[in-house]
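Q: Chain residues, written in single-letter form:
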Amino acid sequence: MNASDTGSDALTRPLRPYVMPESDDDPPRPGSAATTAEPPRRSLSVRPFLVTAGRVSDDTYLPLETQVVATPEGLADLPTLTFEQHDIIAACQDPLSLAELAARLHLHLNVVRVVAGDLRSANHLTVHAPQVGTANDLSVLRRVIDGLRAVPDSRGFKRDNNSPA
Amino acid sequence: MTTTVLPNPSASGAHRPPLPVKMVIAGGFGVGKTTTVASISEIEPLTTEASITEVAAGVDDLTHTPHKTTTTVAMDFGCITLDPTLKLYLFGTPGQDRFGFMWDDLVAGALGGLVIVDTRRLDDCFAAVDYFENKGLPFAVGINVFDGNLDHDLDEVRWALDIPDSVPLVLFDARERGSVRDALLVVLELALERAES
Chain P
7 MNASDTGSDA LTRPLRPYVM PESDDDPPRP GSAATTAEPP RRSLSVRPFL VTAGRVSDDT
67 YLPLETQVVA TPEGLADLPT LTFEQHDIIA ACQDPLSLAE LAARLHLHLN VVRVVAGDLR
127 SANHLTVHAP QVGTANDLSV LRRVIDGLRA VPDSRGFKRD NNSPA
Chain W
11 MTTTVLPNPS ASGAHRPPLP VKMVIAGGFG VGKTTTVASI SEIEPLTTEA SITEVAAGVD
71 DLTHTPHKTT TTVAMDFGCI TLDPTLKLYL FGTPGQDRFG FMWDDLVAGA LGGLVIVDTR
131 RLDDCFAAVD YFENKGLPFA VGINVFDGNL DHDLDEVRWA LDIPDSVPLV LFDARERGSV
191 RDALLVVLEL ALERAES
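As given, the protein sequences belong to chains P and W, one line each in that order.
So the first sequence is numbered by my numbering: it starts at 7 and just counts up by one.
So the second sequence is numbered by my numbering: it starts at 11 and just counts up by one.
In isolation and in its complexed conformation, chain W is listed as follows (with noise of 0.2 Å):
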């Protein structure tokens, strides 16, 4: 098995619990991200607080040193119980707008990462681009199509928000759980056409 049991000389008796493998839901305020994580998850969205780490590059900083602090945010998650040995959590990024931000606790050891666009605020998804990006996880851009209708062809979309070819870019609706799993699915076979590399 791949989970690791830490010293406990007496675990016997204790249910086995399943592996749990994780991925990230990413994007600006109010782009869908929690109704994208309530879709598909078995349990309400629960929401907890964790720590981030913002990365404030200040106006007023001439010295270009950003400047970092702790802050405590609150992140909306879901699971799904794929089989009795397998879990999988989403987790919602804290939506953020004026600061860079470090989500390290989330993305360490995530399968990947979904960005939500909303098209009408294409610029509220490059902090999570470019992080996603830096940190080298295999990533999706999923633009949440509210009203069933695009306001700008994929190619226009594609070309502002400066992705590569390699990130796949995907239409879904945040409502329905098919076209979440879909989204979800993209971003696992990316996942997995890496690792094969």
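Chain P extracted, bound-state conformation (with noise of 0.2 Å):
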């Protein structure tokens, strides 16, 4: 993380990287941070969607469920990232679900919509979304019914053992 190389005063940290449009090599410094209105303020006040520089949804909608795995160029990108790109990098070098990325790292659902997406433009995420008509999908079914069968319960009983219900 270069970004305490570069503040000389730790109440005025820049600000995370998304809030501004500079690029994430250069966090920018906050004296020199005259093309923006805003003050400069403490990153834990950031409001959810300022990571997202506002943005609410990606331009493809993600299921809850999406699995999403760290590019090896993603992790070796990992030094250069920052904050919640860091995070969601750092997070999934085994698939993850973007419900599990949120609630692991406390972010709104779809702020890790947003960051996914940018992630996975930028090379450094794998974005596997169920494709639409899964749920209709005979052949998918009959395999989630056969798993769930071999579930045991607490008794270490599987379904097939058991009275029918």
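By construction, these hints were calculated from the structure, which means they are not laboratory data.
Mixed in with the good hints, there may be bad ones.
Simulated DEER-style distance windows between Cβ atoms [as the list claims (entries may be wrong)]:
#, chain 1, residue 1, chain 2, residue 2, range
1, P, Tyr67, W, Glu203, 24 to 34 Å
2, W, Thr81, P, Thr86, 32 to 42 Å
3, P, Tyr67, W, Leu164, 16 to 26 Å
4, P, Gly162, W, Leu164, 26 to 36 Å
5, P, Ser160, W, Ser176, 27 to 37 Å
6, P, Gly162, W, Asp93, 16 to 26 Å
Where is the CB? At the ideal position from N, CA and C, for every residue including glycine.
Quick one: dock chain against chain with the hints and give me the complex.
A: This is the structure we're talking about:
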């Protein structure tokens, strides 16, 4: 994290990069931010959708259960990523749903949607969205039923050992 | 496979994620939705903030035009890895009493729903039953038998809820994993039956 190198005063830390139009590599210095009308503020007080620069949804609508995985490029670039982008890439080295990401990182689901969309565009993340129509796919339904039947109850009995409901 | 990899040229080397599927657990406040999820989830239920649309048909609204607002709510969920290629997510709907609401985000692409009912407060679940009926989502009504006995017989409950015979009505114990599993299977078998027809 190079943010601490650029700012001299801890109370005037740079804003999160997404709040300002500058690139990620060069966090704006508080003193030189003449282009912004907003006074510098502490990042803890940033409201949820400031991290997405006010965007509330990505162009592709991603379901809650969409699986995301960090790409090798994303992991390689991890040291250069900041804040939410960094946290998301670090959290999904193994596949994770958007809902799990949001819960673990304490972020609003829609914030995760937007930032994950950015990371995908930057090739840092692979997004596996379930295909429309999965819910009516007979083979998927049969696999879910078979999988669930094999889940033992708290005494270790599977559904097939039990009396049918 | 039934997942779409969105354009991303260098996805090679990443782990292949499972196909995610989901079911929705609905019902009034305090009927045992989170208990149900916790009984069968392989992780401690997680909570995330999400947006729902409230449809407030207010009493002072003489035009009968529903007034819609988006509200952030906390939503509990859990998951079960059924096999390495298939993962089932269970999302509990946020409990709402006074308002109509839209869980489109939750219900889009769901395999089915389970509406949990506490027989002491039957009317708490009307909104969920109506919603699933309108969406055409396969669902069953599960009566959570907290203490092992039921105040009413099943026919009385069915009559009181005004649900057609095509909607399965099951007794279950939200604290018991096998019981939750069987209730979910009733929903899935209904979904399969519908998809086959």
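Q: Now tell me, hint by hint, if it's right for this structure.
A: Evaluation of the provided hints:
1. Tyr67/P with Glu203/W: 24 to 34 Å: holds (29 Å)
2. Thr81/W with Thr86/P: 32 to 42 Å: At roughly 37 Å between Cβ atoms, Thr86/P and Thr81/W fall inside 32 to 42 Å, so the hint holds.
3. Tyr67/P with Leu164/W: 16 to 26 Å: violated (40 Å)
4. Gly162/P with Leu164/W: 26 to 36 Å: holds (29 Å)
5. Ser160/P with Ser176/W: 27 to 37 Å: Since Ser160/P and Ser176/W have Cβ atoms about 31 Å apart, the given range 27 to 37 Å holds.
6. Gly162/P with Asp93/W: 16 to 26 Å: holds (19 Å)
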